[in-house]
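Visitor: Chains as they are written, first to last, in the numbering used here: chain A, 131 to 270; chain B, 131 to 270; chain C, 131 to 270; chain D, 131 to 270.
Keep in mind the hints are simulated off the structure, nothing from the lab. Note that the coordinates shown come from a computational prediction; the quantities given were computed from them, not determined experimentally. Don't take every hint at face value.
Simulated crosslink set (DMTMM-like; lysine to aspartate or glutamate; CA at most 20 Å straight-line) [claimed, not checked]: (1) C/210 / B/261; (2) A/201 / B/227; (3) B/210 / C/197.
Residues from chain B shown here face chain C by an in silico Cβ test under 8 Å; the list is partial [unchecked claim]: (4) 132; (5) 134; (6) 136; (7) 138; (8) 148; (9) 149; (10) 223; (11) 243; (12) 245.
Residues of chain A clear of chain D, computed beta-carbon distances all greater than 12 Å [what the hints assert, rightly or not]: (13) 145; (14) 147; (15) 152; (16) 197; (17) 218; (18) 241; (19) 245.
Ideal Cβ placement from N, Cα and C applies to all residues, glycine included.
Protein chains: 4
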Amino acid sequence: MSDHITITGLVATQPRHIVTSEGLPITSFRLASTQRRFDTSAGKWIDGETNWYTVTAFRQLATHTAESVDKGDRILVVGKLRIREWENDERTGTNIEVEGEAIGHDLTWGIGVFTRAVGAAISAESEEATEPTTAVAPQS
Amino acid sequence: MSDHITITGLVATQPRHIVTSEGLPITSFRLASTQRRFDTSAGKWIDGETNWYTVTAFRQLATHTAESVDKGDRILVVGKLRIREWENDERTGTNIEVEGEAIGHDLTWGIGVFTRAVGAAISAESEEATEPTTAVAPQS
Amino acid sequence: MSDHITITGLVATQPRHIVTSEGLPITSFRLASTQRRFDTSAGKWIDGETNWYTVTAFRQLATHTAESVDKGDRILVVGKLRIREWENDERTGTNIEVEGEAIGHDLTWGIGVFTRAVGAAISAESEEATEPTTAVAPQS
Amino acid sequence: MSDHITITGLVATQPRHIVTSEGLPITSFRLASTQRRFDTSAGKWIDGETNWYTVTAFRQLATHTAESVDKGDRILVVGKLRIREWENDERTGTNIEVEGEAIGHDLTWGIGVFTRAVGAAISAESEEATEPTTAVAPQS
Numbered sequence: 131m132s133d134h135i136t137i138t139g140l141v142a143t144q145p146r147h148i149v150t151s152e153g154l155p156i157t158s159f160r161l162a163s164t165q166r167r168f169d170t171s172a173g174k175w176i177d178g179e180t181n182w183y184t185v186t187a188f189r190q191l192a193t194h195t196a197e198s199v200d201k202g203d204r205i206l207v208v209g210k211l212r213i214r215e216w217e218n219d220e221r222t223g224t225n226i227e228v229e230g231e232a233i234g235h236d237l238t239w240g241i242g243v244f245t246r247a248v249g250a251a252i253s254a255e256s257e258e259a260t261e262p263t264t265a266v267a268p269q270s
Numbered sequence: 131m132s133d134h135i136t137i138t139g140l141v142a143t144q145p146r147h148i149v150t151s152e153g154l155p156i157t158s159f160r161l162a163s164t165q166r167r168f169d170t171s172a173g174k175w176i177d178g179e180t181n182w183y184t185v186t187a188f189r190q191l192a193t194h195t196a197e198s199v200d201k202g203d204r205i206l207v208v209g210k211l212r213i214r215e216w217e218n219d220e221r222t223g224t225n226i227e228v229e230g231e232a233i234g235h236d237l238t239w240g241i242g243v244f245t246r247a248v249g250a251a252i253s254a255e256s257e258e259a260t261e262p263t264t265a266v267a268p269q270s
Numbered sequence: 131m132s133d134h135i136t137i138t139g140l141v142a143t144q145p146r147h148i149v150t151s152e153g154l155p156i157t158s159f160r161l162a163s164t165q166r167r168f169d170t171s172a173g174k175w176i177d178g179e180t181n182w183y184t185v186t187a188f189r190q191l192a193t194h195t196a197e198s199v200d201k202g203d204r205i206l207v208v209g210k211l212r213i214r215e216w217e218n219d220e221r222t223g224t225n226i227e228v229e230g231e232a233i234g235h236d237l238t239w240g241i242g243v244f245t246r247a248v249g250a251a252i253s254a255e256s257e258e259a260t261e262p263t264t265a266v267a268p269q270s
Numbered sequence: 131m132s133d134h135i136t137i138t139g140l141v142a143t144q145p146r147h148i149v150t151s152e153g154l155p156i157t158s159f160r161l162a163s164t165q166r167r168f169d170t171s172a173g174k175w176i177d178g179e180t181n182w183y184t185v186t187a188f189r190q191l192a193t194h195t196a197e198s199v200d201k202g203d204r205i206l207v208v209g210k211l212r213i214r215e216w217e218n219d220e221r222t223g224t225n226i227e228v229e230g231e232a233i234g235h236d237l238t239w240g241i242g243v244f245t246r247a248v249g250a251a252i253s254a255e256s257e258e259a260t261e262p263t264t265a266v267a268p269q270s
């Protein structure tokens with residue numbers, strides 16, 4: 131549960147996709163999340179400061195993200211935050227990483243067309259959701 | 131902050147889209163979120179119980195959701211939970227509603243193609259994210 | 131990750147604590163979470179509608195919650211949402227349950243005095259957090 | 131909604147409390163959140179890597195946190211993440227800050243005694259939560 135984060139933001143680098151020698155697909159990219167705040171003196175919404183993240187996905191989510199997400203897209207990410215110090219010969223720094231548990235295009239900003247993956251589509255046949263009628267609330 | 135919820139699930143009804151007489155776009159649909167749990171006796175993952183929600187979106191998110199989301203899609207939703215009792219002449223019940231703050235297709239389950247909306251695209255020109263070089267962490 | 135919720139609210143019933151025949155401690159109580167909204171005609175913040183939950187805790191968290199939380203307390207809860215239909219001979223209904231992963235008094239509303247549990251206190255000796263000096267940011 | 135985070139962790143520095151010249155109370159401290167993971171070779175749970183944060187609270191929450199929270203306490207924090215680069219004459223670095231929206235002692239780790247603040251207590255008189263009887267679910 132801990133260090134669980136929800137972010138919406140702008141994909142700032144083209145996602146890089148690799149498959150490790152053990153066969154694990156990994157996709158990662160930089161994400162910029164800019165807060166919006168109301169400037170009372172200017173009387174309008176302005177951009178506030180920006181948080182920068184490295185978003186990383188694994189397995190099936192990595193493969194689909196690499197095929198779906200491009201630099202410039204608006205997305206939402208739910209995942210786990212990891213803060214890592216790094217250093218090389220010249221510099222030290224901090225990498226703020228989000229391991230994505232779920233990633234999707236942010237429909238506030240555009241239209242998305244979705245195609246279920248083949249494996250997922252098959253399992254979906256038995257997945258027809260049957261809502262218990264006695265419990266159905268009228269859809270308002 | 132309060133009653134803030136994150137859900138992934140299956141869209142169980144075709145989204146309904148209306149525009150109120152005041153011009154407010156509203157889209158809503160039923161969403162089934164089924165927990166997966168490991169059955170130790172069977173030695174495999176099985177479906178657990180299902181939570182049912184009515185997801186509602188407003189304004190731009192409503193318009194784009196209506197154009198993007200279909201029954202059977204897998205999505206993720208971040209929003210605010212609202213629990214409402216209802217009754218009519220015959221029955222009483224409880225409606226569990228999520229007012230979506232962000233909605234997107236769940237890329238764990240498929241491929242998404244995203245097209246930025248026209249208004250959003252224009253504002254995006256000035257949106258090229260420029261990461262401060264001194265702060266850049268090496269992308270691992 | 132799914133159906134993950136964060137709530138702040140008022141404890142509305144005195145917590146009930148049981149230990150099952152298998153030795154599992156369980157504590158549960160009703161929680162009222164009331165939204166605050168700004169009434170522009172009245173020019174002040176007013177109470178909006180209220181979400182009602184049954185909060186349930188297990189194991190160590192159940193034992194400590196039973197000893198710490200009373201009706202009337204303000205708390206925050208992070209956990210998993212479970213929506214369950216029920217019926218008996220006369221009625222049907224819906225129970226909205228939160229399985230607490232973390233529970234604490236909400237310090238926005240008062241002062242809390244904390245005493246570490248004995249087992250936890252012992253393990254805490256080796257727990258002195260040592261922050262890596264090269265990574266320390268100046269506390270602003 | 132964006133950059134919304136939930137953390138549990140160990141308070142690593144004694145909270146510092148100031149009141150600005152404008153009368154705004156601010157409390158801040160360092161928090162260490164250590165992931166636990168199961169080491170299959172050792173056959174037991176071990177500490178994983180640690181995320182370090184500066185937690186900051188404002189107003190009433192700041193005042194109560196300063197009176198309630200001590201170095202060594204286990205707490206939970208819900209808030210907004212802010213990533214800020216800093217530099218001085220000698221070094222540069224990154225500060226990862228959480229602006230607390232709700233803070234409480236983590237009852238998984240100990241017992242908490244709560245005293246409502248005076249102002250809050252008065253308003254609480256009119257706050258007796260009255261659950262609508264038709265909607266009451268049997269407490270399981």
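Visitor: Now tell me if each hint is right for this structure.
Guide: Consistency of the hints with the structure:
no. : hint          : verdict
1   : C/210 / B/261 : 36 Å, violated
2   : A/201 / B/227 : 33 Å, violated
3   : B/210 / C/197 : 31 Å, violated
4   : 132           : 5 Å, holds
5   : 134           : 5 Å, holds
6   : 136           : 5 Å, holds
7   : 138           : 5 Å, holds
8   : 148           : 22 Å, violated
9   : 149           : 24 Å, violated
10  : 223           : 7 Å, holds
11  : 243           : 24 Å, violated
12  : 245           : 27 Å, violated
13  : 145           : 20 Å, holds
14  : 147           : 25 Å, holds
15  : 152           : 16 Å, holds
16  : 197           : 25 Å, holds
17  : 218           : 14 Å, holds
18  : 241           : 21 Å, holds
19  : 245           : 28 Å, holds
Hints 1, 2, 3, 8, 9, 11, 12, counting from the list given before, are not met by this structure.
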